[in-house]
Amino acid sequence: MAEVLVVVEHSGGAAKKITSELLTAARALGEPSAVVFGAAGDADKLKDTLGEYGAQKIYAAESADVTDYLVAPRAEVLAGLVKQASPAAVLLASTTDGKEIAGRLAVKIESGFLTGVTELAADGTATQVVFAGAVIVKSKVTKGTPILTIATNAVTAEPAAATPSVEAVEVSVSDAAKKAKVADRVSEKKSSRPELTEASIVVSGGRGVGSAENFALIEGLADSLGAAVGASRAAVDSDFYPPPHQFQVGQTGKTVSPNLYVAVGISGAIQHRAGMQTSKTIVAINKDEEAPIFELADFGVVGDLFKVVPQATEAINARKG
Amino acid sequence: MNIVVLVKQVPDSGLERNLRQDDKTVDRDAGNLVIGELDEYAIEEALKLKEAHGGEVTVLTVGPEKATETIRKALSMGPDKAVHVSDPAIHGSDTVATSAIIAAALGKLEYDLVIAGAESTDGQTGALPAMLSERLGIAQLTGARKLTVDGDKLTTIERQTDDGYEVIEATTPAIVSVWDTINEPRYPSFKGIMQAKKKPVETYSLSDLGVSADQVGLDSAWSEVLEFSGRPPKGAGVKVPDEGDGGSKLVEFLATQKIV
Ligand SMILES: Cc1cc2nc3c(=O)[nH]c(=O)nc-3n(C[C@H](O)[C@H](O)[C@H](O)COP(=O)(O)OP(=O)(O)OC[C@H]3O[C@@H](n4cnc5c(N)ncnc54)[C@H](O)[C@@H]3O)c2cc1C
Ligand SMILES: Nc1ncnc2c1ncn2[C@@H]1O[C@H](COP(=O)(O)O)[C@@H](O)[C@H]1O
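Going down the list, the sequences are from chains C and Z.
Residue 1069 is where the first sequence starts when you use my numbering, and the numbers rise one by one after that.
Residue 2 is where the second sequence starts when you use my numbering, and the numbers rise one by one after that.
The reader is advised that the hints may include incorrect statements.
[What the hints assert, rightly or not] Simulated crosslink set (PhoX-like; lysine-lysine; CA at most 20 Å straight-line):
hint	chain 1	residue 1	chain 2	residue 2
1	C	K1247	Z	K147
2	C	K1208	Z	K25
3	Z	K51	Z	K154
4	Z	K154	C	K1348
5	C	K1258	C	K1322
The hints are simulated quantities; they were obtained by calculation from the structure and are not laboratory data.
Bound-form chain C, shown alone (with noise of 0.2 Å):
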């Protein structure tokens, strides 16, 4: 069976939980190689895990050259790599970093690329949701050496176990892919809820909530169901819940896709479902019964989120005391 090359997603050797999505996805078209960019190091750390979903083969491309410039030495390391191991495919996650490499390297390796793909099946055909979730689109790559970023939280990751062999990648990057440097790099995060785009719960404040103070209340529900906090663009935009691109969903935002998504007075305009409607199950509150919210929602309260908020927070809290 041919490769297919996985770059892992992972913040200093920890991987990320696309990592596992990508293997499950890449385990359709052939036998998955993980590609671990980062120091020296990392790809032993994430041995255990890479193996746990089927990793046959590590490619530890481990090197301050990759690491210290934007996206351009990954696209060179993944193009010299795919000549050496001529895979059947290469997966990355669709995150900004993992788009941009997929363009970098599919105009040097002259082959198609797809993004954003949500279901991957063996002939290669990938399934994409575009239009803000309107349309479900079948693509195929047709030139080259398929290239595929994948969407978090779309495939459900199963394990299958392999002990994955480690080889060292020489990393020689030219100065042309040198030329945008990371000078820094600043964590902003201001608590220990789960990383949005990574929840299987999710709680979502808008305009309705009202003011900065108020989002306590979507804090306190959040937190009684061990949940991440997320936000529109209304209330991004008045400032509610800072910094602006941490908590936003949609569009613009961020796209979740949990088990559970609450929308607490927000509308759900077209640019907010975009980032939310994959969402498994959907409950709204909102005190307008036509908020276009309700059209997705499971479960939909129509009322004062000041009253029902509160209320919900206690019987959740009631329920694991």
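The hints should help you fit chain Z with the ligands onto chain C, whose structure is shown.
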């Protein structure tokens, strides 16, 4: 500082959108066509840089004839001139071909910075700026929520990440792409709208750019849409009015779903 802003005409994301039944490309006849929503932020950023550093702002669009409407809209915000690449052979091009066409057009222009939206509203590929960086061999400063130009060469951005940002530095020429967190686009003034009608718009065909027609278009795309369908509508859920017990009813529902 000369800046080229990349602007794409797209179907309004607030209205219903679909693909065409005949060739499965984006239906650009239904609904309103507008400037790519993030592209407005790109125009605003270019105008701010011009106000601070001088120079010229050029709008560049690859699209069918009716994209001239979008070009005039863009010009009414304040850019100096526009370039429109239009050729029947371009219809159905994938991002790979579009990036080749834009790279060829940029070859005819002088610029210190190219500024684009971080992703288009219709395709949302989010890869085109990086592909231009690859093709042109210039630095990629993409995904910016903040842009600073220091002196006349060094450019720094804050690249938005999941939990914060990265500081990325490069020297010009470079390609920047922006998110909606970067600024607040201005509205065109009446004067701006009147002036836009007289601003120069240069039109290029593929042969003007030395791009061969058989490298672009639907038949040369490196990927193919096999089929598409509307997303099945979600079955109607339960909607209850709050009669003092809305919160409890919600939790009872969550319990039936085994969530609490
Ligand atoms: C290019 C572009 C990109 C965009 N990207 C995004 C995006 O990524 N994410 C996003 O969310 N939006 C996005 N938008 C904006 C989107 O169109 C909407 O404007 C936005 O989602 C509205 O947010 P909202 O629902 O919180 O506010 P509103 O539409 O104002 O809705 C507030 C809701 O709260 C309800 N409410 C008020 N008070 C109470 C109360 N006491 N109790 C209960 N309910 C109450 C109201 O009935 C109303 O339905 C984008 C727009 C554009 C043009
Ligand atoms: N046909 C086009 N003409 C001009 N600019 C474009 C075109 N397509 C994409 N762009 C630019 O590239 C950005 C990202 O597009 P994409 O990678 O297709 O999501 C857009 O926001 C535009 O600034």
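Going through the hints against the structure:
1. C:K1247 <-> Z:K147: With a Cα-Cα distance of about 19 Å, the restraint between C:K1247 and Z:K147 holds, given a limit of 20 Å.
2. C:K1208 <-> Z:K25: holds (13 Å)
3. Z:K51 <-> Z:K154: Distance of about 15 Å is within 20 Å: holds.
4. Z:K154 <-> C:K1348: With a Cα-Cα distance of about 49 Å, the restraint between Z:K154 and C:K1348 is violated, given a limit of 20 Å.
5. C:K1258 <-> C:K1322: Between C:K1258 and C:K1322 the Cα gap is close to 17 Å, so the pair holds against 20 Å.
In summary, the structure is inconsistent with hint 4 from the numbered list given earlier, while agreeing with all the others.
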